[in-house]
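Engineer: Sequence:
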Amino acid sequence: MRYLRLVILLSCWLGAASAARAQGRITGVVQDSVTHEPLAFSSVFLANTTLGATTNENGAFVLERVPKGTYDIVGSYVGYKLSKQSITVTAGATAPAVTLRLTSSGPQLAEVVVKADAHQEDNYRKFIDLFVGKTTFSKQCRITNPEDVDVDFNDTTKTLTATTPNFVQIENKALGYRIKYYGLRFDYNTESEATGFDGQTVFEEMKPKDEQQRRQWAANRVAAYNGSLTHFLKSVYDNQVKENNFLAQQVRLVQPLRAVRGEQALKQKKGAFTAADRDSMRAWDELPAVAQLNPAARPIDSLRRVSADGRTFLRFTNELQVVFFGEAPDPGYTQPMSPIGPISAKSPTKRQVSRLTLLAPETEIQPNGTLANPLDVVSGEYWGFQKIGEFLPLDYAPPVAAAAATPGTSAAKR
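The sequence shown runs -22 to -1, 1 to 392 under mature numbering (1 follows the signal peptide of the UniProt record, and there is no 0).
None of these hints come from the bench; they were simulated from the model.
Take these hints with a grain of salt, some might be off.
[Said to hold, decoys possible] Each computed DSSO-like pair below joins lysine-lysine, with the alpha-carbon atoms no more than 30 angstroms apart: (1) Lys46 / Lys112; (2) Lys187 / Lys365; (3) Lys46 / Lys220; (4) Lys187 / Lys158; (5) Lys46 / Lys59; (6) Lys136 / Lys59; (7) Lys185 / Lys328; (8) Lys62 / Lys151; (9) Lys185 / Lys62; (10) Lys220 / Lys187; (11) Lys112 / Lys151; (12) Lys117 / Lys365; (13) Lys158 / Lys112; (14) Lys328 / Lys365; (15) Lys117 / Lys185; (16) Lys46 / Lys365; (17) Lys46 / Lys158; (18) Lys328 / Lys117; (19) Lys59 / Lys328; (20) Lys136 / Lys151; (21) Lys104 / Lys365; (22) Lys117 / Lys46; (23) Lys187 / Lys328; (24) Lys365 / Lys158; (25) Lys220 / Lys136.
Make a model of the complete structure from these sequences and hints.
Structural biologist: Here it is as structure tokens:
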């Protein structure tokens, strides 16, 4: 028994030592951009993580135990604009010292002007639906400072926008995180239905009221992670796509045959048609593209490239349909689920189907499943449905047993 206890303790110590070796350290200072005077007690954080610090009276800060990877480090101080830099942390080393110089945001207005808008409440509700989301977890999220969010609708551009002078704070009582979203810039076009938002977030762990809530939060975090874009990218990085219950298929967008023929005719016989003929062929040319699905699973070498120095890049042609098996969609997801093969093929009912588009030839995947440049991809369908309710910090790591288990065990999400 003593021998078994010794083995367990030694295994835990080796695991902790290995984790420590995979971490680094960041030091730096926050200053005024004009005077270079230190900004004491300003906030510094790694965007989209739980890692942050407050500067001392000399404007200096230290971030310990930072997992290796590339981050945006952000400085914030009342009355100043955010300052952001990209930094790469190497395991077992201290990164080069960072100097964050913040620019004054100018004189603050002493009086807030309230715009009269009969639709203001409706606009705010629309913003909540699009930003926070409609999932089971999103319904347990709450913005604690709604008075700091300026929502406006431009009737000319048909665009709904939302901004905040400092940050919007969200409490996620499903996952146990308090999120500060600095510099929010949100917009939604009602005609194209395109949604975009930008900003810098920092996570804070909420304190559970009891052990039961702590366990529930842990289970919900695993459920939010399973099937997520980060989970898929981590699976691609580790060459564990099939093992982690994912199926990646190629989607090609092709023009209808009549549209192609019409375009060719216009090019080859220009001037030989009447105006009515040309209008008809242009109408063919404007027909929407048709999505063609290749039901075969994409091999790993068609999803990623591993460079000579060991870096991994997401790389694929056309678009991807990504299917996650073992967990049914959230009850709030009402869109019809895309097929995973020929229409006649029987598809498992427990599946989440998403789409992924790559905007660059390739983009680097970091070891934790995040992208060095998240703007290189666009996700849709089920991943597009998930919003703040499923938002996890970059430094979240699911328990090894949970990550390896069949995702059907994560029913706590429902």
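Engineer: Determine for every hint whether it applies to the structure shown.
Structural biologist: For each hint, the structure was consulted:
1. For the suggested pair Lys46 and Lys112, the alpha carbons sit about 34 angstroms apart, so the restraint of at most 30 angstroms is broken.
2. Only pairs whose Cα atoms come within 30 angstroms are accepted, and Lys187 paired with Lys365 is accepted, the gap being roughly 25 angstroms.
3. Our distance criterion of 30 angstroms between C-alpha atoms is met by Lys46 and Lys220, whose separation comes to about 26 angstroms.
4. Restraint check for Lys187 and Lys158: satisfied, since their Cα atoms lie roughly 21 angstroms apart, inside the 30 angstroms limit.
5. Restraint check for Lys46 and Lys59: satisfied, since their Cα atoms lie roughly 28 angstroms apart, inside the 30 angstroms limit.
6. Between Lys136 and Lys59 the alpha-carbon distance is near 29 angstroms, which keeps this suggested pair within the 30 angstroms criterion.
7. Distance hint between Lys185 and Lys328 is unfulfilled; the C-alpha atoms sit about 33 angstroms from each other, more than 30 angstroms.
8. Using a Cα cut-off of 30 angstroms, the hinted pair Lys62 and Lys151 holds, with the two alpha carbons roughly 29 angstroms apart.
9. Distance restraint check for Lys185 and Lys62: the Cα-Cα separation of roughly 29 angstroms lies within the 30 angstroms cut-off, and the hinted pair is therefore satisfied.
10. Only pairs whose Cα atoms come within 30 angstroms are accepted, and Lys220 paired with Lys187 is rejected, the gap being roughly 38 angstroms.
11. Simply put, Lys112 and Lys151 have alpha-carbon atoms about 15 angstroms apart, close enough for the 30 angstroms limit, and the pair holds.
12. With a C-alpha separation of about 11 angstroms, the suggested pairing of Lys117 with Lys365 holds against the 30 angstroms cut-off.
13. For a cut-off of 30 angstroms, the pair hint linking Lys158 to Lys112 stands: about 20 angstroms separates their Cα positions.
14. Simply put, Lys328 and Lys365 have alpha-carbon atoms about 21 angstroms apart, close enough for the 30 angstroms limit, and the pair holds.
15. A distance of roughly 20 angstroms separates the Cα atoms of Lys117 and Lys185; the hinted pair therefore holds under the 30 angstroms criterion.
16. At most 30 angstroms may separate the alpha-carbon atoms for a hinted pair to count; Lys46 and Lys365 meet this at roughly 26 angstroms.
17. Distance hint between Lys46 and Lys158 is fulfilled; the C-alpha atoms sit about 23 angstroms from each other, no more than 30 angstroms.
18. The hinted pair formed by Lys328 and Lys117 meets the criterion: a straight-line CA distance of about 22 angstroms does not exceed 30 angstroms.
19. For a cut-off of 30 angstroms, the pair hint linking Lys59 to Lys328 is broken: about 46 angstroms separates their Cα positions.
20. Taking the CA atoms of Lys136 and Lys151, the gap is near 33 angstroms; set against the 30 angstroms cutoff, the hint is violated.
21. At most 30 angstroms may separate the alpha-carbon atoms for a hinted pair to count; Lys104 and Lys365 meet this at roughly 14 angstroms.
22. With a CA separation close to 34 angstroms, the supplied pair Lys117 and Lys46 exceeds the 30 angstroms bound.
23. Proximity of Lys187 to Lys328 is assessed by CA-CA distance (about 33 angstroms); at most 30 angstroms being required, the pair is judged violated.
24. This hinted pair checks out: Lys365 and Lys158 have alpha carbons roughly 15 angstroms apart, not beyond 30 angstroms.
25. For a cut-off of 30 angstroms, the pair hint linking Lys220 to Lys136 is broken: about 43 angstroms separates their Cα positions.
Of the numbered hints stated above, those contradicted by the structure are hints 1, 7, 10, 19, 20, 22, 23, 25, listed in ascending order.
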